[in-house]
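**Q** Listed below, chain by chain, are the residues.
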Amino acid sequence: MGIKSLLALMGACALFAAGCGSDDKSSGGDGGSADTGQTKGAKAIDPASMDSAKGAVTYCAGKDTSGDLVKGIEDFNKANPELKAKLLEFPESADEQRNQFIQRQRAKSGDCDGFEADVVWTAEFASQKWLLDMTPYVEKRKAEFVPSTLSSVEYEDKIWGIPRVSDAGLLYYRSDKFSEVPATWQEVYKEAAAGKGIVYQGASYEGLTVNFLELAFAAGGKIISDDGKKPEIDSPENLKALQFMVDGIKSGAAPKAVTTYMEEEARRTFESGRADFMRQWPYAYSLGNKTGSKTKGKFKVAPYPEFEGGGKAAILGGHNVVISTYSKNPGGMLKLADYLTSPEIMKSNAVEFSKTPVIAETYADPAVQKALPFANELKAAVEQAKSRPVSPVYTQISQAIYKNVNGALSGQMEPAAALKKASGDMEKALATF
Amino acid sequence: MATAAVPAGPPKKGRSKGMSERRLAALMVSPSMILIGIVAAYPIGYAVWLSLHEYSVRVAGLSRWAGLKNYTTALGDSEFWSAVKVTFIFTGGSVFFETLLGLAMAMAMHAAFKGQGLLRTVVLVPWAVLTVVTAIMWQTIFEPSLGFVNSLLGAVGLPNDTVWLGESPEALIVMIIADVWKTAPFMALLLLAGLQVIPNEIYEAAKVDGATAWQRFVRITLPLLKPALLVALIFRTLDALRIFDLPFVLTKGANGTTTLSLISYETFQTNRILGLGSALAILTFIIVMIVSFVYIRFVGGNIRGMAEE
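Protein chains in written order, with this note's numbering: chain V, 36 to 468; chain C, 16 to 324.
Here chain V stands alone, though its shape is the one from the complex:
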């Protein structure tokens, strides 16, 4: 039984890869170091193609837990009877969504005309020539978007998607205990150590990369060189940030268990009143104010404070609409994307579904201000948010960060050794063929 199921497993692995086998030509060339111009020759979208679009369109996105996409597509179908849009839902986990996307693109499947892509996937997908170049369309709307959100769709001076939802971490704090947020991270941790502590996302996964980068960037650190070829993670600034996190656990400012926390664990700890501070995405705001939550009406949010001797930094999250190279109806898909990212939908998404807008003026709308009382803080956080390293091998770079940072947080490695190892792992990642 053992061997057979192993064979079956490997068979599945191999068969899965078969989709890409057919067109893999052995070139024997160097290829591995060619870092520029990988997107050369990518097809560009024709903005005019959406005017006469008709037929069926499928948009593929992660499970729509808040319901904004389901409603958006329903309304689109009512307003555009000549088009029939459908939502295909992928699993909830970001890794699984990426798997689904990659499998379909490898098989050159036209099932999905458009995808809801995480902001960190742009470089990888564009360099694989899986996306249509959206520059001609987005160029005209450039002024509408918050600039940081646009940077998440740029790669090699082209624009590969339309920002749809943004996200930036916020500092949640108990307003019944603190009248305002301390000015620096150091003071936040001091207050936390004296009180009930701070929780964040410290488990070995993508979330920890974000949590670490927020502090590292604020401390003045960098991850890879500007040309994207060399790791620069092993620096005094990054060491300061990592040491700060490690000391935070040692001093009791953050619970030891934070090394196993993802978003939900942190949220539950904060909502049950077992922490005074929390680093969290905006989604926890409305949940924390629900009846039954111990924090109802007792907490506020703020953009991040400064890192002593450094500055402020946040990391950009969110999703972009991208159109597949293999779409049979790119015009129809563009029309849907145009609708889903329009100022009207942006506003109703913020009001009805607490989605972070990507269009700057949406934040100022009175209805939005009322629905998201922290809209100004949120806008400030999104504006100051930086992108994660842009690279076609981003997943490996992120692994190099979160695995080693987690190792340092759980006390298995000294912070200096962890950064050195991260640098080595990153070098390997950047050298991947």
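Some clues are possibly wrong.
[Stated by the list, open to error] Rough simulated footprint, nothing fancy, chain C against chain V, three-plus residues with beta-carbon under 8 Å:
#, region
1, 406 to 417
2, 431 to 441
[To be verified] Taking lysine-lysine and the DSS-like style, the derived pairs with C-alpha atoms no more than 25 Å apart in a straight line are:
#, chain 1, residue 1, chain 2, residue 2
3, C, 241, V, 463
4, V, 455, C, 129
5, V, 78, V, 175
6, V, 98, V, 463
7, V, 264, C, 100
Calculated from the structure, these hints are not laboratory results. It should be emphasised that the depicted structure is a prediction, and the values quoted were computed from it without experimental measurement. Every residue gets a Cβ at the ideal spot worked out from N, C-alpha and C, and that includes glycine.
Go by the hints and put chain C onto chain V.
**A** For chain C alone, kept in the frame of chain V given last:
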């Protein structure tokens, strides 16, 4: 001559008939052989083929012949060897404890008493639970602040601030406990089958000779259970060597729980390094083959030994 020719006829006829029978047999077997070829041989062959190439993760559709480079990379990587170590510690630990526990459970189930059927059913419940569900359940039990284990430790005055899944080797221990809980019933079931074929007369004879319960267990039960025990051990060892779902759900490989299957998955699926990922899968396959080969020789020898007795 004529009489000699007569007997010569049938064998000749028989041989030609044999040939066609063999051909017929081959013909009849061929559909399943082709099926096995498609289902088993082709994917393995393809995985081997992939493992001998490098597929670019940067440039679409670019690939090159790599020879054994992926294998030397894997074998020269400390992460591979740490995964081998973790996998073997996990396998050794979990198989050892589930064999002990399974044997005890089998002995209990074998004894005739009222409610035997019910017990056998109840004992099998953990085996029926999905591994992913098992993992989530144990994750909850070992949750540091609200979990059952730390609450219990606190109640009896022991230190209760261990972050079980956030420390090494605690995380691996939790993984072993979860696996033992889940698969000991499977072990018990296989061993129970072994116990039931041991004739009762032997025990009765031993009793008449004045053997104690312990002597009967060591001298009769264990030796006669050996074939069943070894089959059960093979099943569990090969399964444990391929462990994927427990670390995937419990820790994602953090804190010294990255197993061979997990590292292959991450390389192949998450990082899209098809060549190296396939090489890792093939290496895992080879390790499992070697272990099963050792076991099968062991069992084979044992069965032959018993037949000679």
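**Q** If a hint holds in the structure, say so; if it does not, say that too.
**A** Going through the hints against the structure:
For the region 406 to 417 of chain V, the assignment as covered by chain C is violated, since 0 residues bring a beta-carbon within under 8 Å of that chain's beta-carbons and 3 are needed. Under a criterion of three residues with beta carbons nearer than 8 Å to beta carbons of chain C, the stated coverage of the region 431 to 441 of chain V is upheld, 4 such residues being counted. Taking the CA atoms of residue 241 of chain C and residue 463 of chain V, the gap is about 49 Å. The hint is violated against a cut of 25 Å. At roughly 64 Å between alpha-carbon atoms, residue 455 of chain V and residue 129 of chain C are farther apart than 25 Å, so this suggested pair is violated.
For the hint pairing residue 78 of chain V with residue 175 of chain V, the CA-to-CA distance comes to about 18 Å; that is within 25 Å, so the pair holds. In summary, the hint linking residue 98 of chain V to residue 463 of chain V is not supported, as the alpha carbons are separated by about 34 Å, beyond the 25 Å threshold. Under the criterion of a C-alpha separation no larger than 25 Å, the hint pairing residue 264 of chain V with residue 100 of chain C is inconsistent with the structure, at around 33 Å.
Violated hints for the displayed structure, listed by number in ascending order: 1, 3, 4, 6 and 7.
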